[in-house]
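Asker: Chain residues, written in single-letter form:
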Amino acid sequence: EAAVTQSPRNKVTVTGGNVTLSCRQTNSHNYMYWYRQDTGHGLRLIHYSYGAGNLQIGDVPDGYKATRTTQEDFFLLLELASPSQTSLYFCASSGDISQNTLYFGAGTRLSVL
Amino acid sequence: GDSVTQTKGPVTLSEGTSLTVNCSYETKQYPTLFWYVQYPGEGPQLLFKVPKANEKGSNRGFEATYDKGTTSFHLQKASVQESDSAVYYCVLGGASGSWQLIFGSGTQLTVMP
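Quick mapping for you: the protein sequence lines, in order, are chains A and B. Residue numbering for the first sequence follows the working numbering, starting at 1 and increasing by one per position. Residue numbering for the second sequence follows the working numbering, starting at 1001 and increasing by one per position.
Not one of these hints is a red herring.
Under the rule of at most 35 angstroms between Cα atoms (straight-line distance), these lysine-lysine pairs were calculated in the DSBU-like manner:
1. B:K1028 <-> A:K65
2. B:K1008 <-> B:K1077
3. A:K65 <-> B:K1049
4. A:K65 <-> B:K1008
5. B:K1049 <-> A:K11
6. B:K1068 <-> B:K1008
7. B:K1008 <-> A:K11
8. B:K1049 <-> B:K1008
By construction, these hints were calculated from the structure, which means they are not laboratory data. Predicted model only: the values in this text are computed from it and were never measured.
Excised from the complex, chain A in its bound form (with noise of 0.2 angstroms):
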């Protein structure tokens, strides 16, 4: 069973803050996403990777910053948090691009004052 786990499980900042989110996962998966949840949205994709030192774009990337530093590693950078990124994070892997099944973490719920 796939294994992804997020660090830390609940955060609060202030507007303006510095925050980073971490996902490790222990499955040997090349690809690691970012995602955010908010009621009426569903999950929505920030950034992904296939690889360490890869970075590509998702649908909600304004704001964001991400860094895949090894296979295991993926973390997710607020440099000026502001309001409007007060969600629930959620980090996912899986083994291969067309496979499309992904394994998800615990999730992250931050909140920014």
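Could you slot chain B onto chain A? The hints should help.
Answerer: Chain B alone, transformed into the frame defined by chain A:
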């Protein structure tokens, strides 16, 4: 563009009653269709997927038929249990030649004992 529309929740049912969550999709391509389920406090997980039109997918008593004629993929279960309380997402994959998954807005199901 490609899209997925599903039953707006929340849906509340009594144990033992039947469930239908409607899902309609729009695409000019030949997608794979998925249902994902998200239990409280967890990330979404795959319930089942159907890669070909006119085929049925099933898991844990849930089932859906990929109907290309009506562009629908309705989720059904004959007799729901309290443990089925979750958010259900209809998902479109591989549309428009893209690998990306397009999530519906989700349907919150609560089953009362």
